[in-house]
Amino acid sequence: MSRFEYAPAPESRAIVDIKSSYGLFINGQFTDATDGKPFKTISPASEEVLAEVSEAGPADVDKAVRAARKAFEKVWGPMAGRDRAKYLFRIARLIQERARELAVLESLDNGKPIRESRDVDIPLVAAHFFYYAGWADKLEYAGVGDDPQPWGVAGQVIPWNFPMLMLAWKIAPALAAGNTVVLKPAETTPLTALAFAEICQQADLPPGVVNIVTGAGRTGQALVEHPDVNKVAFTGSTAVGRAIAKSVAGTDKAVTLELGGKAANIVFEDAPIDQTIEGIVNGIFFNQGHVCCAGSRLLVQESVYDEVLARLKRRMGTLRVGDPLDKNTDIGAINSAAQLAKIRELSQVGEDEGAERWSPECELPPQGYWFPPTVFTGVSQAHRIAREEIFGPVLSVLTFRTPQEAVEKANNTPFGLSAGIWTDKGSRILWMANQLRAGVVWANTFNRFDPTSPFGGYKESGYGREGGRHGLEAYLAH
Amino acid sequence: MTTLDSGVDSLADVTSSEDRLRRFLLGLPGVDQVGAEARAATLSTRSIKTTAKAYALDLAISMIDLTTLEGQDTPGKVRALCAKAKRPDPADPTAPQVAAVCVYPDLVATAKHELKGSGINVASVATAFPSGRSSLAIKIQDTKDAVASGADEVDMVIDRGAFLSGRYGLVFDEITAIREAAGDAHLKVILETGELVTYDNVRRASWLAMLAGADFIKTSTGKVSPAATLPVTMVMLEAVRDYQEATGLHIGVKPAGGIRTSKDAIKYLVTVNETAGPDWLDPELFRFGASSLLNDLLMQRTKLATGHYPGPDYFTLD
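These protein sequence lines map, in sequence, to chains W and C.
For what it's worth, UniProt numbering labels the leading residue of the first sequence as 1, then goes sequentially.
For what it's worth, UniProt numbering labels the leading residue of the second sequence as 1, then goes sequentially.
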């Protein structure tokens, strides 16, 4: 036990003013839903009800799409790029001004540690708006032709793992390109999207340019199937992604899908060992492992397996699991009871199939949804925990002997979103990066994001790219 | 990466020839600069409040090597510094004593006399500090002088020129020679990381010093910029942790120079805690080479106890 016990250092909730109930944000106003029942959003760390949120039914979605269409035709579409940019810059600055508040709200509603929402999520949200604001008056230089045009109305459905960051990934390029938006946040994490609606009001964004419809699968379905939506963008599970691809097949809607992953994080014997351990930890325990590009399959060269495992376990012993609002928390709460059940189930499968399970000693809070950082050893390619996305703080460790074998194992998955390579040898990094069928390949780092860098997957991890110039392309007809 | 779990015997083997030593040092796992700096930056976001802060402030005070290393040092200045070492806060006898007073060899006797019976060590720099550009004979004599005058601890510098030109055997032999000349005195080996520049070099020099018999590895003389930095200290803490795993021996770490605020000191203690582990949260194994840091720690300590900041005039400027 440490003699240096860190006293609780909670970030204050006082900065956030959560209303008891929220309507839908349509045409610049918060309005009541006409055909859905309100639902509750809770804090996964305490199961405390944070607010009641309206469920948008098909009629509400229709209203939102009409508002978006009207704004597209009358205001946003015809507006000069440099004027759209002004709004986006304004939004970016407002996000920075309200950064602390948004970070606290994100951690409350999602369960992620405040250190991450404060240092990663919200700064990246602002960075995305700044980045795409700069593109708004330069679209003819985006490499998609001389006169690129927006699609029109974008219907966007985002997940609960990075609620506000995913919103930024979707809304910033859409607006910069001249589209208007109807966005549905995840049902467990609607609050930062609703705060963003307030920011749109604060920024005097013309009504209808951004519409936020809250709800679950039914709402999302109504949105992506709406006949007047021109462009569908979805981030979430591969199963829902498939359903969306089916429903838009045969229509003229443009689609981008950002789906699941089972990334290989590949450690060679000449890796910078201490930073590699940090990269493994960051790869799988960042955001409780609720990351589509998480490094959930650790591939270690056999010659250094024992040393890597010993160091990893020692490092995992220093991870602090608990109150997401405590500034010293490394791992927060699992986002929902349903997700916790799924993580538990797949972990049980891992044990049943003969893999060895290990977690450091850590006391989990009695209330809320928690899962300790976990590592499975003795895992083979045939195990379900090596193939299926767990989407939790669970790492499967496999070994390899040669670079060729590492590539084969890394690519032997229906997914292909990301991969990591750890070695001091530059030529090997380049060779590996060319062999790996993954949209993002990190070398001697992991889970690094930047608005200028495109992100997206191969195979069942989806299609289309977000971020950078490529992300803009997805919102331009060409 | 070199497997480090082979124990003391095989480590004795790596120092049996210059060639083996060289292969061992060059075979140590590399340090990725970006990753190391990112890790240190994350560690510095730890928020240390209330009881944890009180613990950290007192611990930091007890780890200070209160230092004066100036051409203008006089017996009077050293006496004043010793008085401060014994009772850092004249207004509050509960403030802990510092670990040691660090001076040039010619002032060791003065410090020794002043600190008699206090339990506070006298540390002396030696070996042609700070540049180390003298013959080995002079460095040995410098060390012997310091020890003969009563130094409990000797802070030596390595030959950075020899290290950077790859003459690891020469650096090793010098350290072992000084180790012998220092006798029972605690030996701190100053790497001068600001001149070694890369983290790979810091890791190699750390191992080299430990293999040659250092009791402590120390970042800097304080005369070269940059002096101590958090990532450099973290890399050294990783080295002592790995050395302990390989040999069972605990080697101390001393960042020196440039640490002036309580906030900085606490970041270092967090890094000690989460890198080398709680064993190193002890003045026997971790020191701060500093002078102005002490007053800031005392000021924060008083703030924590009384709820308000006293002015700087309430703390002595010795």
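Heads up, a few of these hints could be off.
Partial list, computed: chain C residues near chain W (C-beta under 8 Å) [said to hold, decoys possible]:
hint	residue
1	V31
2	L43
3	S47
4	I48
5	T50
6	T51
7	Y104
8	E238
9	N273
Since the hints were made in silico from the structure, they are not lab data.
Backbone N, C-alpha and C define an ideal beta-carbon position, used for all residues, glycine too.
Would the stated hint for I48/C survive a check requiring a Cβ distance to chain W of less than 8 Å?
holds (6 Å)
Take the shortest C-beta to C-beta distance between V31/C and chain W; is it under 8 Å?
holds (6 Å)
Hint check: 8 Å Cβ-Cβ cutoff, T50/C to chain W:
holds (4 Å)
Tell me if the interface restraint on L43/C is satisfied: Cβ within less than 8 Å of some Cβ in chain W.
At about 10 Å, which exceeds the 8 Å cut-off, the nearest Cβ of chain W leaves the hint on L43/C violated.
Can E238/C be said to touch chain W, with a Cβ gap under 8 Å?
Holds. Min distance 5 Å.
Does T51/C pass the interface hint, meaning its C-beta sits closer than 8 Å to a C-beta of chain W?
Holds. Min distance 5 Å.
Is the shortest C-beta separation between S47/C and chain W less than 8 Å?
holds (4 Å)
Does N273/C meet its interface restraint, that is, does its C-beta lie within less than 8 Å of any C-beta in chain W?
holds (5 Å)
How about Y104/C: closest beta carbon in chain W under 8 Å, or not?
For Y104/C, the interface hint is violated, since the closest Cβ of chain W sits about 34 Å away, which is over 8 Å.
Going through the hint list in order, the structure does not satisfy hints 2, 7.
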